[in-house]
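Enquirer: Sequence:
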Amino acid sequence: MCQHFVSHGHDLLEIKGSTFPQLSKTFHFDMVEEIHSRFRSLNADIKKHGVPCILKFANRLYGEKTYDFLPLFLASTQKMYGAELASVDFQHASEDARKSINQSLKRQTEGIPELLAADVVDNMVRSVLVNAIYFKGNWREKFLKEATTNAPSMLNKKDKKTVKMMYQKKKFPYGYMEDLKCRVLKLPYQGKELSMVILLPDDIEDESQF
Numbered sequence: 001m002c003q004h005f006v007s008h009g010h011d012l013l014e015i016k017g018s019t020f021p022q023l024s025k026t027f028h029f030d031m032v033e034e035i036h037s038r039f040r041s042l043n044a045d046i047k048k049h050g051v052p053c054i055l056k057f058a059n060r061l062y063g064e065k066t067y068d069f070l071p072l073f074l075a076s077t078q079k080m081y082g083a084e085l086a087s088v089d090f091q092h093a094s095e096d097a098r099k100s101i102n103q104s105l106k107r108q109t110e111g112i113p114e115l116l117a118a119d120v121v122d123n124m125v126r127s128v129l130v131n132a133i134y135f136k137g138n139w140r141e142k143f144l145k146e147a148t149t150n151a152p153s154m155l156n157k158k159d160k161k162t163v164k165m166m167y168q169k170k171k172f173p174y175g176y177m178e179d180l181k182c183r184v185l186k187l188p189y190q191g192k193e194l195s196m197v198i199l200l201p202d203d204i205e206d207e208s209q210f
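Residue numbers (the working numbering): 1 to 210.
Just so you know, these hints were derived from the structure itself, not from any lab.
Heads up, a few of these hints could be off.
In silico BS3-like pairs for lysine-lysine, Cα to Cα no more than 25 Å straight-line [unchecked claim]:
(1) K171 to K145
(2) K145 to K181
(3) K160 to K192
(4) K145 to K161
(5) K142 to K99
(6) K157 to K136
(7) K79 to K65
(8) K181 to K171
(9) K169 to K142
(10) K160 to K181
(11) K160 to K145
(12) K160 to K56
(13) K186 to K56
(14) K79 to K142
(15) K106 to K142
(16) K192 to K157
(17) K145 to K79
(18) K106 to K56
(19) K65 to K136
(20) K161 to K181
(21) K186 to K136
(22) K136 to K158
(23) K145 to K186
(24) K192 to K158
(25) K142 to K181
(26) K158 to K181
(27) K99 to K161
(28) K136 to K181
(29) K171 to K158
(30) K170 to K181
(31) K161 to K56
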């Protein structure tokens, strides 16, 4: 699940005025109740039993303890996302708050390391929305370890990084999305419930620097 859409779902709970319809239109969210009920259904599907894999989802809002959040926002966050607001002291102990958030997420996600890097949280922060997904599953068609090689991967139009690339030659569901100008590959995991869907765009539009 895309973390950005979860974040924007949280944002829409708190937004009022003309900003709401603009943001809602941008992400194709037409009605408030539909937005949050869909996120709630997605969370339920993620947590269902009987799937031969480990899938853990950590979604939490941390807020400055002296800041007054709207009661409706807090109630909706609990109802739709199953997460209460956690009060922390960003104003006087931002580094301690950052470390505490990282430790909490590490416990919930089988040891995902430092999600919030040093210097990203200071005393001006009023809220931090963190999203993390831990997934562990077995491929239906396993990749051979000895076939893994180092190869360049593009980060944006200008920069690339050497990463480990898996390889196998098999038949998998494959297609092309004309409207998005990208190729689509589906790699199934053991069982029938989950697959990894990879989108490979024809061109790289991101000119940002990492």
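Enquirer: Against each hint, give a clear statement of whether it holds in the structure.
Expert: The hints, checked one at a time:
Among the hinted pairs, K171 with K145 is consistent with the structure: their alpha-carbon atoms are about 19 Å apart, no more than 25 Å. Distance check on the hinted pair: K145 and K181 sit about 32 Å apart at the alpha-carbon level, beyond 25 Å; violated. Note on K160 and K192: the hinted pairing is violated, with a Cα-Cα distance of about 35 Å set against a maximum of 25 Å. For the given pair, K145 sits about 21 Å from K161 by alpha-carbon distance, which is consistent with the 25 Å threshold.
Taking the CA atoms of K142 and K99, the gap is near 37 Å; set against the 25 Å cutoff, the hint is violated. Annotation: proposed proximity of K157 to K136 is violated, straight-line Cα distance about 31 Å (limit 25 Å). A distance of roughly 21 Å separates the Cα atoms of K79 and K65; the hinted pair therefore holds under the 25 Å criterion. At most 25 Å may separate the alpha-carbon atoms for a hinted pair to count; K181 and K171 meet this at roughly 22 Å.
The straight-line distance between the Cα atoms of K169 and K142 is roughly 11 Å, inside the 25 Å bound, and the hint therefore holds. With a CA separation close to 21 Å, the supplied pair K160 and K181 stays within the 25 Å bound. Note on K160 and K145: the hinted pairing holds, with a Cα-Cα distance of about 23 Å set against a maximum of 25 Å. Our distance criterion of 25 Å between C-alpha atoms is broken by K160 and K56, whose separation comes to about 30 Å.
In summary, the hint linking K186 to K56 is supported, as the alpha carbons are separated by about 22 Å, within the 25 Å threshold. In summary, the hint linking K79 to K142 is not supported, as the alpha carbons are separated by about 39 Å, beyond the 25 Å threshold. Of the supplied pair hints, the one linking K106 and K142 is violated, its CA atoms being roughly 28 Å apart against a limit of 25 Å. The suggested pairing of K192 with K157 is violated, with an alpha-carbon distance near 37 Å, which exceeds 25 Å.
Taking the CA atoms of K145 and K79, the gap is near 44 Å; set against the 25 Å cutoff, the hint is violated. Under the criterion of a C-alpha separation no larger than 25 Å, the hint pairing K106 with K56 is consistent with the structure, at around 11 Å. A hinted pair counts as satisfied when its Cα atoms are at most 25 Å apart, and K65 with K136 does not qualify at roughly 35 Å. Pair hint K161 plus K181 holds up; C-alpha atoms about 24 Å apart against a cutoff of 25 Å.
With a CA separation close to 17 Å, the supplied pair K186 and K136 stays within the 25 Å bound. The hinted pair formed by K136 and K158 fails the criterion: a straight-line CA distance of about 32 Å is larger than 25 Å. A hinted pair counts as satisfied when its Cα atoms are at most 25 Å apart, and K145 with K186 qualifies at roughly 20 Å. Between K192 and K158, the direct Cα distance comes to roughly 39 Å. Violation of the 25 Å bound is thereby established for this hinted pair.
Taken as a hint, the K142 and K181 pair is broken in the structure, with Cα atoms around 29 Å apart against an allowance of 25 Å. About 20 Å separates the Cα atoms of K158 and K181, which keeps this hinted pair within 25 Å; it holds. Taking the CA atoms of K99 and K161, the gap is near 29 Å; set against the 25 Å cutoff, the hint is violated. With a C-alpha separation of about 30 Å, the suggested pairing of K136 with K181 is violated against the 25 Å cut-off.
Using a Cα cut-off of 25 Å, the hinted pair K171 and K158 is violated, with the two alpha carbons roughly 33 Å apart. A hinted pair counts as satisfied when its Cα atoms are at most 25 Å apart, and K170 with K181 qualifies at roughly 24 Å. Between K161 and K56 the CA atoms are separated by roughly 28 Å; this puts the pair beyond 25 Å, and the hint is violated.
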